[in-house]
Structure formats: C-alpha cells, structure tokens
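Using the sequences and the hints, build the whole thing.
Number of protein chains: 2
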Amino acid sequence: MGASKADFFSEEQNEIASLFKAISHPARVAIIEYLLKVDSCICGDIVNELPLAQPTVSQHLKELKNANIIKGNIEGTAICYCLNPETMKKMENYFSGISKSLNTKCC
Amino acid sequence: MGASKADFFSEEQNEIASLFKAISHPARVAIIEYLLKVDSCICGDIVNELPLAQPTVSQHLKELKNANIIKGNIEGTAICYCLNPETMKKMENYFSGISKSLNTKCC
DNA sequence: TTGTTTTATCGTAATATTGCAATATAAAAA
DNA sequence: TTTTTATATTGCAATATTACGATAAAACAA
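Chains as they are written, first to last, in the working numbering: chain A, 75 to 181; chain B, 75 to 181.
The set of hints was computed from the structure by calculation and includes no laboratory data. Because the structure is a prediction, the values reported are computed rather than measured.
Chain B is nowhere near these chain A residues, computed Cβ spacing over 12 Å in every case:
| no. | residue |
| --- | --- |
| 1 | G118 |
| 2 | D119 |
| 3 | Q128 |
| 4 | S132 |
| 5 | K136 |
| 6 | G150 |
| 7 | T151 |
The calculated lysine-lysine pairs, modelled on PhoX-like cross-linking and capped at a C-alpha distance of 25 Å, are:
| no. | chain 1 | residue 1 | chain 2 | residue 2 |
| --- | --- | --- | --- | --- |
| 8 | B | K164 | A | K164 |
| 9 | B | K164 | B | K139 |
| 10 | B | K111 | A | K174 |
| 11 | B | K174 | A | K139 |
| 12 | A | K95 | B | K95 |
| 13 | A | K95 | A | K163 |
| 14 | B | K95 | B | K164 |
| 15 | B | K164 | B | K111 |
| 16 | A | K95 | B | K174 |
| 17 | B | K174 | A | K111 |
| 18 | A | K163 | B | K174 |
| 19 | A | K95 | B | K136 |
| 20 | A | K163 | B | K111 |
| 21 | B | K174 | A | K164 |
| 22 | A | K174 | B | K145 |
| 23 | B | K136 | B | K111 |
From the three backbone atoms N, C-alpha and C, an ideal C-beta is built for every residue, glycine too.
Here's what the structure looks like:
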C-alpha cells in the first residue's frame with residue numbers, strides 16, 4: 075500500500091521511528107548542525123543558510139519542532155530556534171542502551 | 075519535486091540522513107529490537123515475528139543491511155542476522171557529540 | 001493608515017516509500 | 001532427480017514526502 079502499518083507496532087516503536095524520521099533528511103541534518111555550530115538561539119537567518127526556498131525550510135523546521143528536536147521562541151517578528159538538549163539525550167540513550175546490552179561475540 | 079536536493083548538502087549530512095532513515099520505520103525499529111532481545115544471531119524466524127508479508131520483511135532487512143545496521147551471514151538455507159555494534163556506536167557518538175557541544179543555557 | 005519584514009499555510013506537481021502477490025533463486029532433504 | 005524450505009526480486013497500486021509559487025498572517029516602522 076505505501077502507508078506504514080503503524081497499528082501493528084508498539085507505541086514505543088512508532089515513537090522511536092518518527093523521532094529518527096525527523097533527522098532522516100539532509101536538510102534537517104543541516105539545520106541541526108547549523109544550530110549546533112552557532113551555539114546559541116538563532117533568530118531568522120536559517121533560510122539563508124540552506125539551498126532551499128523559504129516555504130520548504132519552514133516545513134522542515136515544523137517537522138523538527140513536532141519531533142521535539144528543536145524549540146522555537148517567538149521574538150517579535152523573528153523566531154528564535156535552538157536544539158532541545160533533552161531530545162538529543164534521549165536519542166543518545168537509545169543507542170547507548172543498545173550498545174550496552176549487545177552481545178558483541180555474535181556473528 | 076519530492077526528491078531531496080541531496081547534491082546541495084555535504085556528503086556527511088547525506089550519510090547521517092540515510093543512516094537514520096534506515097530506522098525511521100516502525101518495522102525496522104521492531105527488527106532491531108527483536109535482534110537485541112534474542113541477544114544472538116537469528117537464523118530465519120524474523121518473518122514470523124512481524125505482522126508483514128515475507129517480501130516486505132525482506133525489503134526492510136535489505137535496507138537495514140545497506141545502512142550497515144545489521145549484518146547477515148548465510149548459513150545453508152537460512153540467513154543469520156545480527157546487529158552491527160560499530161554502527162550502533164556511530165549513532166550513539168553522533169548524539170553524544172551534539173550533547174557535549176550544546177550550550178544548554180540557550181533559550 | 002500603508003509598507004516592510006519574517007514566518008506559516010495552501011495547493012499542487014514530482015518523486016519516494018511501503019506493502020504484497022507472483023515469481024525466482026538457492027540450498028538442503030527425500 | 002523432485003520436493004521442500006528460506007530468502008530475494010519483480011511489478012505495481014496505494015500512500016507519503018519533498019519542494020516551491022502564491023498567498024496569508026503577524027509584528028513592527030514610518
């Protein structure tokens with residue numbers, strides 16, 4: 075069909091999948107790395123950093139916000155974006171948990 | 075358009091994006107978590123664990139293999155799958171690197 | 001008020017992904 | 001050999017994503 079059969083998987087599996095789906099596009103990786111590079115909130119400016127039109131960037135920012143990967147604070151005409159440390163930690167923990175319980179003698 | 079404008083992003087950004095794209099689907103998250111749960115190579119058996127038809131599972135396994143997230147060893151008629159510890163570590167490191175250089179006083 | 005700036009939304013075309021039936025392939029068993 | 005078992009590939013329909021022009025909305029300046 076094309077739609078994922080989300081109903082057949084656990085809530086947690088669907089959550090993890092959509093969290094990583096948010097960073098499964100190079101534009102969104104670029105946004106994350108830009109926010110990391112400037113090391114502060116960025117008001118405006120993101121559109122000029124990417125080789126994409128403004129509506130497209132806005133759409134990618136919306137997806138990152140929905141996934142809780144970035145936070146956006148309204149500052150007058152502009153919006154201040156920054157990374158959400160908690161979500162970064164959550165994703166780190168997902169993999170460190172896997173690494174810990176991995177039997178490396180396998181295969 | 076629909077296609078991502080991959081040419082305009084860095085090699086590294088495209089790599090990171092396709093790595094996480096591999097775990098952006100609940101079926102592939104379920105495969106990872108099943109391999110983790112059994113804590114050993116699994117020969118066959120994966121198809122029966124998922125609510126999907128055999129060709130669909132095969133397709134998901136192929137994507138996980140292409141992303142180096144799982145390894146598959148042929149064992150006669152069956153194929154032994156297990157997680158790739160190096161890729162797990164790589165993904166963990168991506169986020170721990172972000173967490174480390176994150177200015178948490180922001181926003 | 002009007003104009004400017006910044007971000008969001010709508011509508012839609014191009015492309016990608018998902019899922020599966022049918023079929024193919026490959027190795028072992030009978 | 002034929003049959004069985006396990007996995008892969010092909011082809012296609014249904015759905016999702018990506019990208020952007022046009023437009024809207026919101027805040028501020030003049």
